[in-house]
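A.B. asks: Keeping their order, the protein sequence lines are chains X and Y. Using the numbering used here, read the first sequence as starting at 1 and increasing by one per residue. Using the numbering used here, read the second sequence as starting at 1 and increasing by one per residue.
Calculated directly from the structure, the hints in this document are not laboratory data. We put the CB at the ideal spot given by N, CA and C, even for glycine. Hints are supplied without guarantee of correctness; some may be wrong.
[To be verified] Taking CB as the label site, the calculated pair distances span: (1) Leu117(Y) / Arg384(X): 26 to 32 angstroms; (2) Val105(X) / Ile132(Y): 47 to 53 angstroms; (3) Arg384(X) / Thr396(Y): 49 to 55 angstroms; (4) Gln85(X) / Leu117(Y): 45 to 51 angstroms; (5) Asp200(X) / Leu117(Y): 35 to 41 angstroms; (6) Pro283(X) / Val286(Y): 56 to 62 angstroms; (7) Val128(Y) / Pro403(X): 26 to 32 angstroms; (8) Ala74(X) / Ile132(Y): 50 to 56 angstroms; (9) Ala74(X) / Gly139(Y): 58 to 64 angstroms.
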Amino acid sequence: MGSVVDNDPALPNTSDPLLAVTGVVKTFPGVRALDGVDLDVRAGEVHCLLGQNGAGKSTLIKVLSGAHQPDAGAIHWRGEQVSLQTPTAATRLGIATMYQELDLVDGLSVADNIFLGHELARVGLSRRRAMDDAARALLTRLGHAEIPVNREVGHLSAAGKQVVSMARALSHDARLIIMDEPSAVLDADEVDNLFRLVGDLTVHGVAVVYISHRLAEIRRIGDRVTVLKDGRTVARGLPARTTSTDDVIRMMTGRAIEHAFPPRVGPAPDAPEVLRVSGLGRPREFHDVSFAVRAGEVVGLAGLVGSGRSEILETVYGARRAATGEVRVAGRRLRRGSVGAAVAAGVGLCPEERKSQALLPDEPVYRNITLATLTRFAAGPFTRDGRESAAASQQAGALDIRPAGVARPVRTLSGGNQQKVVLARWLLRDCQVLLLDEPTRGVDVGARDEIYALVRRLARSGVAVVLVSSEVPEVIGLADRVLVVAAGRVVHEAAATDISESQVLDLVMEEGRVA
Amino acid sequence: MNEPHLTDAPALDPAAAEAPAAAEPLEPPAAAPPAAIPPAAAPSAAALPAAAPPAAAPPTDERARVERAAVEADAAVAPGLTGALAGKADAAEARGPGMAGWAVLGRLLGGGAGRNLGLIAALALICVIGLITAGDRFGSTDNTLTVLRLASVIGVVSVGMTFVIAGGGIDLSVGAIVALASVWSTTLATQNMARDSTFLVMVFVALAVGTVCGLVNGILVAYGRIVPFIATLAMLASARGLAEEISNRQTQVVRVQGFRDFFRAEPGGIPVLVIMFALVALVGWVVLNRTTFGRRTFAVGGNPEAARLAGINVRRQTLWLYTLLGFCCGIAAIMITARTTSGTSTHGLLYELDAIAAVVIGGTLLSGGRGTIVGTVLGVLIFTTVSNIFTLNNLTTSTQALAKGLIIVAAVLLQKRLARENTRM
Ligand SMILES: Nc1ncnc2c1ncn2[C@@H]1O[C@H](COP(=O)(O)OP(=O)(O)OP(=O)(O)O)[C@@H](O)[C@H]1O
Ligand SMILES: [Mg+2]
């Protein structure tokens, strides 16, 4: 098939691109997910793929990894036209993919997951020892030697799973590694780790396609940027370091978004205390956690992945049973380990992992949104779908969930839009206490600002909010008060105005590593 | 875990074919004189034919509507059949025209209404085969009523089973519960009491026994956290054992005239059993598709963790599902006791297989989260009609078992394909 024209005007063509995608089209029932996408990736570069939620990034990735077949368009790999019929065909060429929605098998061990589909074997017998060793080496390379290779993946945290998924991509010895929002659940420290690894890979000539909604990251590791909008390439091969963020945002969204946190209001001086957590603990997860949240206050938990933030939220909610301590809502003590009691008291939890903890993938969007408020729309025992979908549509509109119809199954939505569905579920329920675990995970810049404004609006209406986020700026920018969590303990508490990002990071590092 | 159980079915199945050949002769010749028709039953009988068709094509079923919309949107993308095929070039479909055809068929049948149409077509085809091979013996009113009576008993169990499976569980003990309830409600003591007061005593006993058994299943699964397969396997063994113990392995003939008169009546030519089945199916459809209970059932079956975190009491829901199925088994026990005018510990042998098979053929996902009552009803009718045709053609029960097995395998394969189509993200 000879060479491919690289029609990138900005940078002179030094070599054939490793991967060239031209005019790729992919339609789903009722949706044109890809509508003529062009992309070229060179060996040894970090190519960033940007676009709003639903722009088609993940769909493009799935075409490149052989999970979807395109309806039209061509893919050239090292100058040869190829057709990627199956995921195996793609890995054989040297394309490895980390999907946005983790696709690990919970019941298998870490090592088994890493080598799933390409187990090391000799005369049909799997070489367990060799696989364990190789898995351990990969995890060490990722800076996570502490993850036991024999542990069942289901027992790992979301971030731990992300690391395993990364190790799996590395295990293929690929020429091109595609990462679909790998940093969405990673904290600053982990992201540094990831970037070191990416640098290491590119030095050895491996190309990386990197997707993220955190635009600052693009500047740090990106070489070139391709922007998708509504399934089309609107800009390709821009230099990552010199294109301004405003320009990128305008290309992505078609409008300018001033990226700032809405003004802080804070709780009224006489606002009553709504949530009080005292001495809460669970063996090997966290110890002696105490804090209080007043009506209209936003309290943020900052800390490393694995420091116990999510576990604390889930225990407050009763999804995990507290071993010690108690939770009081408006003065009334909640029964331990009972989600029902928490919900009845007006507590809501927007969980960390949308796919496994929140969504009913085959059910329509509106039924996912109304899952926690079923009885409100029902007439006695009978559901009323019309009222449900009207209320859900309204929430979906407020959060700009796209595409707009709430009748389609939630699994057909893009990752960021699925996240908004989870959030909408809890916004619909009038909670007194809202626990938000990574509420902006995988959400694009525009919608992120919308969610920030929403959280503030909720607080102003008197809701007590507890927020967990891997992004320290988000915690500091959104919360009134920040608790720093390290190794399962609250090590510091301060008003958000009195603490800086670097202070938080220092605290987290010291305490976290010592313990 | 459920899969091997299903694929085992053909080997275990022969006794399930017992029904038409062995059980029917037990039935005394048409007992109910027209005079015995309770006047109140007549209007409901007239309403029956009207009640069934709407259930077969629920126009307001949201899921069906969505899926139909999706299929239509699909067709709109690429005009013409070949265009439609090309437009849907998914991984599986791109491998050849045969595969593509499969996938299109799968997608059409995957849509709620579409799938039911597929089942109706299959049922029609089977009826045509019946007419060709057995002629009038198949087409006669008598035979049709026989098929319907048989289908009714297993049908009531299958409706309950649909709930349990849609809720992510499985129940192997249904046949044993039916046997135990039928035996308990026909003991000398119960019958004497019934004769002294009213036949409703027997009805009450059967329902109570079934419900309690279901409740025990539910407690074991939901609160004892025993895998459903194991918990209900234990119930299967012990319930049947208890039934044998109580009846001393004897057939207990029903002597209560009121019971016979009521349940063997045929108001307007339609057997009471069939009316009962229609009512159970109708109520089941409403509960599954139109109530918060049904919605929670799908949530618990589809993603229990998500349901729990959304504030749904997953364990209580699970408990209710098994209890509901137990109650259905109680109803089925009354029906089979009436149909054979006896209670024995061999009633309901291998009903679990027939019921699960009917549910699966109907299109309910074995993994939970999806379920269709209409599909289940059609599945039951298909299964029973096939048995009937084989019996009429004097084919051995082994051949019947073989055919049933093939039907199950074909249905499961189709379902797997649909599941793969649908879960591709
Ligand atoms: N299996 C599917 N069936 C139907 N529509 C789909 C399917 N997968 C994706 N889509 C649609 O295709 C469009 C692009 O989705 P995609 O997942 O590629 O977005 P994305 O750019 O990755 O967004 P995000 O940043 O939120 O992850 C969306 O409108 C989505 O609803
Ligand atoms: Mg995506």
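A.B. asks: I'd like to know which numbered hints this structure contradicts. Please list them from smallest to largest.
C.D. replies: 4, 5, 6, 7
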